[in-house]
Structures are given as C-alpha cells and as structure tokens.
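2 protein chains.
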Amino acid sequence: MNKQPRIRIADTAGFCFGVKRAVKLANEAPHKYPGQQISTLGPIIHNPQVVTQLSALGVKPTDLNHVPEPGVVIIRSHGITRELAQELKQRPDLTLIDATCPFVRRAQEIVAEMSSAGYQVIIIGEPDHPEVAGLISYGDPQNTQVVTSLADIPADFFTERKSSRIALLAQTTQSQQLYNEIASALLAVKGELRCFNTICTATSNRQSEAIQLAEACDCMLIIGGRNSANTNRLYELSKERLPDSYHIETLADLHPEWFSGKQAIGISAGASTPQWLIDEVVEQLQYILKN
Amino acid sequence: MNKQPRIRIADTAGFCFGVKRAVKLANEAPHKYPGQQISTLGPIIHNPQVVTQLSALGVKPTDLNHVPEPGVVIIRSHGITRELAQELKQRPDLTLIDATCPFVRRAQEIVAEMSSAGYQVIIIGEPDHPEVAGLISYGDPQNTQVVTSLADIPADFFTERKSSRIALLAQTTQSQQLYNEIASALLAVKGELRCFNTICTATSNRQSEAIQLAEACDCMLIIGGRNSANTNRLYELSKERLPDSYHIETLADLHPEWFSGKQAIGISAGASTPQWLIDEVVEQLQYILKN
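Going line by line, the protein sequences match chains A and B. Each residue of the first sequence is one higher than the one before, counting from 110 in this note's numbering. Each residue of the second sequence is one higher than the one before, counting from 110 in this note's numbering.
It should be emphasised that the hints constitute simulated quantities derived from the structure, not laboratory data. There is no bait here: all hints are sound.
Chain copies aren't distinguished; within one or between two, either way the pair holds.
The calculated DSS-like cross-link candidates involving lysine-lysine, where the alpha carbons are at most 30 Å apart (straight line), are:
#1 129 - 299
#2 299 - 133
#3 169 - 198
#4 348 - 399
#5 133 - 198
#6 198 - 129
#7 399 - 371
Remember, predicted model here, so these are calculated numbers, not experimental data.
Bound conformation, chain A alone:
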C-alpha cells in the first residue's frame, strides 16, 4: 500500500502583505460601517472572483466621479496621488479607509522628504502605473522624475557638478537588477547618492520558495489565472526544475492521475490568488489522495 504523499504549501503562496491587508480591510468595512455605502477606488485587486465576492458584501469598485456620498471609500494598496488624497479628505460626507500598502506609503514619504530637502529624486518605475503616479505626486516636479532605464537619466547628471545630491528609489515591484544597474551608474556622480531600496521582496521570495519546493518535491501545483504574468513565471520556474509541474486555475483543473505514486506535492500561487482559492485546492487534493 502506498503511503499518502505529503502536501507542502509555500509560505509565500498568493497575496503579498500589502494586498492581503487591503483585502482584509475591504472585507471588514461592512462590519465596521454597517448601513453605509462602501466603495473602492478602482478594483481592489485584479482578480474577478475577489471583486465579485466583495461586491456581494456591498463593497463595490467605483471611480472618482461616482463615489457615493455620504459613504466610505477605500484606497487601494498601490495608493493614490497626494492631490487626490487631499481632495477626498476635504469631502465632509466621506470616510476614508487607507489601504495603501505600508511599503508604498514609505516610498511616498521618501519622495516627499527628499524632494523638499532639495535632492534630485529619481524614481525607477513604469510612468503609467498607479503606484508610480502616486509616488511622483509627492515630489516637486522641478526635482522629481520617473525613469524606466539608465537611458532616461539626464546626461548632465554625469557631468561634474558641485554638491549634487541625488535620491534614488523604485516602484515596489521593480527588479532588483535594474535598480542595481541604475544605482551603480549614478555612483560616478560627484556628491551624494542616497539609495532607498524600496523594492518589495514578495515576488522574488515567492519565486525562490517555489524553486526550493520544486527541487524538494516530485509534483508541483501552481495556482493562479492563466493570464497572470507572475503566475506564469512561477510555473515556468517550477517546470524547468520539475517536469511534473502543473498550472491550475481552480480545483476543477486537478487530475487524480498526476499524484499517483508521488511522495511530496508542493503548492504555490500567484500574487493575485486569494487564500480561499488555495484552501479549496488543498481540500480537494486531500480528498483525491485519500480516495
């Protein structure tokens, strides 16, 4: 008789700290503000199942021009611009729940402090991303800029200037490699270079742990949307190390024959995969393995 295989769930599977916190705040809001209209400024997360579930509780995505007043509005984990935050605070009939990720909030504070202290502030990030739109709004346009690559750094940064002071930070989801590349180049600048490593390690930690699991198990499940870039990347990293790796969206995708004769089944999930979806898969897997 075969011994039942062990199930190993990655600690880093699914939501990062900031998203987990935002979804928790959204779920708690109807209990905290009963009878009030509650909305989120845009979908709280790019996962339709989570948005549908919250809508059923009365927490609905909206846009700035349609915020129900009186009511409660939730700011998403990647934050908003300083101007918008000020505007919302001034509306007398609106209660704000700030679910801005604390790591993003810290980056906003760095931009504000460094810009007002007269540093040339460089933010590595995607100019169109809401997090970056929020970050740059905290700086003076005269000394704050977003760059996507080394080529975006103005050439005059590298000509010798007296007492140049540069502050460097990054959108929390940028790659450490790009950050290092730009920071290293800026070391050539005379004066002071103040590097704030604001990159969140959630993604890289999730990938590292998935790799470790794939190397330690003989079957691997990666849970997440087929259109989720970070889930696909997790699956690729696992598949490279363990051919018996499977990308599934829900428990319906599980095939009992995958687990025949296996010793250890590893599980990880993309950044937008909610915990309850992971839990459902684990429960179904336990049922399959017992039968």
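Put chain B on the given structure of chain A with help from the hints.
Relative to chain A, chain B alone:
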C-alpha cells in the same frame, strides 16, 4: 631652420588643491605671525625640498609632544583626529592654522553627521593612514568602521534587517573602482544606502591629462621623485603612449638631444612636486630650445 617646439604644461601638474593650499598657508605663516615659533604637526608634505625651504623660513616640523609654546601650529592637509584638535584648541598659548584639505574636512563632517544620526558608517581607506585616523575619530566607535575591501564588510550587513541605514564614504585618495565595487555590493542591503563620493579626482584628472598630452605631443617630461609612486605611474601611462617620454627629478636631468626636431613638448608632474621645481625645469628647457 627648425621652428622652436611648443611647450605644453598640464594644468593638473604637481600639487593638488589641498596640498597647494597647505603649503601656501605654511609659507604665509611667518609673515602673519612675525617673531613667533611656527611648527607643522609632522612634515607638511612628503617632499624634502619643500620641508627644507619652509624650515629656512622658520616653519619646522614637530610632533605633538614637542610643539613650542607659545607658538603657532599648522595642521596638515590630511587633518588630525577630533580629540587632538580639541586638545590643541584648549592650549592657551597656541595659535592653530588649520590647513586640513577642505575635501577631507567635508568627509570628517559627513562621518560626524551620519554617525550621530545613527547610520552604520563605512569608511573605505587604509586604517593606518593619518587622514583615515582623523576621519574615523569623528564617528562613534559603535557604528563607524574602516574597510579596505569588500571582504571587510560584516556578513550580517547582507542578512535582511529592518530599516538598516548605511552611510558610505572613502578616504579622498581611494580608487573609484573599489568605491564602486563596495557600494554596488551594499545595494543588496534592504533599507537606505547613503553614498558620499568623497574621492578627490586630482589624481585621476592628473593621469587623464598626462595621457592626453602624451597623445598630442612628440616628447613628454614627467617631473617628480624616483621614489614617488604616483609620479612613476604618470610616467608609465605616458611612456605606453609615447616612447619619447622621460622621467626627471630636477632640471639637471634634462638632455638637449631629447628635444631635437620635436614639435610639441608636454610636461606633467607628480602630486608632491612643487610648482617652483616645475618652473625651474620649464625655464631651463626654454634656454635649451633657444640655443
């Protein structure tokens, strides 16, 4: 008839800004404080001819235990420790002339500010060098350290710690390459890395200009002591590009046949070569070329 060759003297030949300033202050001291005993804490520069010349004016090197009082004492360009500066200031019969290089002074201030602000201060430098002894004295021993290479950085800097704040600077004569190497490695540390590029560009600028001259002239003279490491390096860089490069110590080393048929004669000099020695060589060279 041959046209007389052009003489091109490097702007960066000889003393750097800080040494030039210190020697000037030492030369002015006997006029500013007539009749007083004037000493320098150690030789003002590692050039016996300059020290001898100053001694003749009454400015003599001494050590801490033999400073004549009442009198005037000159602090050399690479500075002294905070404790020693405080002690000297407290002596009622002593007048201090602070010839600390302003770039070194700035580095001392950075160590003091960063250490008292709670940063982990890392100074790249030679632990036994007087400039470095001065620099480290401005920091709290609990959070200030000198490293000579990446291997000296404590391993626990690279383990994830909350809100680590590191300030990095270098002895003014360190190589940019080593600074970049250590700074790049520290970028992996979570938190804030504050890089102060305190490296003086005098040496690298002097080398770059010597190379440019060697490539533009058909004869090159490098003036400086045979035992001066930086002079020898200048000579090597020139010789690699122009075989008709000559290393001389004084005007006595000039050979008229070197200049026969030349169009342009370039001149540079090591960091400890005084201006009057360069002037003497140029004058003698002009005499040779005319005859």
